[in-house]
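A.B. asks: Residues per chain are reported as follows:
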Amino acid sequence: DTGVSQDPRHKITKRGQNVTFRCDPISEHNRLYWYRQTLGQGPEFLTYFQNEAQLEKSRLLSDRFSAERPKGSFSTLEIQRTEQGDSAMYLCASSLQGTNTEAFFGQGTRLTVV
Amino acid sequence: DQQVKQNSPSLSVQEGRISILNCDYTNSMFDYFLWYKKYPAEGPTFLISISSIKDKNEDGRFTVFLNKSAKHLSLHIVPSQPGDSAVYFCAAKGAQKLVFGQGTRLTINP
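Residue numbers (my numbering), protein chains in the order written: chain L, 1 to 114; chain A, 1 to 110.
Everything hinted at is true.
Part of the chain A face toward chain L, derived, beta carbon under 10 Å: (1) Q6; (2) L34; (3) Y36; (4) G43; (5) F46; (6) S49; (7) S51; (8) F89; (9) A91; (10) A95; (11) L98; (12) G101; (13) G103.
Keep in mind the hints are simulated off the structure, nothing from the lab. All C-beta atoms in this analysis are idealised placements derived from N, C-alpha and C, irrespective of residue type, glycine included.
Please work from the sequences and hints to get the whole structure.
C.D. replies: Next comes the structure, spelled out in structure tokens:
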């Protein structure tokens with residue numbers, strides 16, 4: 001399978017715990033994006049990388065959130081001290097560099113904070 | 001501020017008929033537009049896109065129309081099939097990231 005892969009698919013955690021999600025993009029894609037989707041809303045941009053450089057972070061990304069893409073391949077998104085409001089679907093997407101390029105999404109990680 | 005809006009939360013269409021999903025945007029700097037389809041518990045799947053220099057793009061049963069002066073785009077699906085039932089998101093690309101609308105739930109009735 002050469003699509004975007006996310007792990008885990010589902011995560012249930014207690015409030016206050018830390019969680020980490022992983023995304024493996026399409027191998028030749030140098031751009032990687034993280035989005036968050038809550039019920040009834042469209043995906044909201046969180047951050048994106050070009051190769052290993054994190055080029056933009058949304059103000060939605062509080063200081064409890066951190067993302068890395070250490071070798072320009074896979075990426076991790078960590079949420080520290082989770083809160084119930086963090087419950088959402090976390091989506092990863094990748095694309096080639098350029099204006100007229102499509103982003104392809106993974107299956108997402110569903111986070112539930114109890 | 002919602003830069004991309006899909007004002008119809010839901011749409012119901014009879015199988016075989018045309019489905020028309022609409023999307024409005026406010027930022028004239030957007031230069032590329034995309035439609036995604038989403039099933040429950042899955043990530044969005046890319047459907048079709050259009051550059052701001054075009055006004056129409058067609059791919060099989062799917063056609064996207066762009067009216068830049070009105071800042072409006074639409075997705076036409078014809079003929080509609082039961083497997084088209086899903087949530088459809090329009091997205092606009094600006095400053096290297098996608099901005100999504102809220103989605104329209106399309107239901108195709110047999």
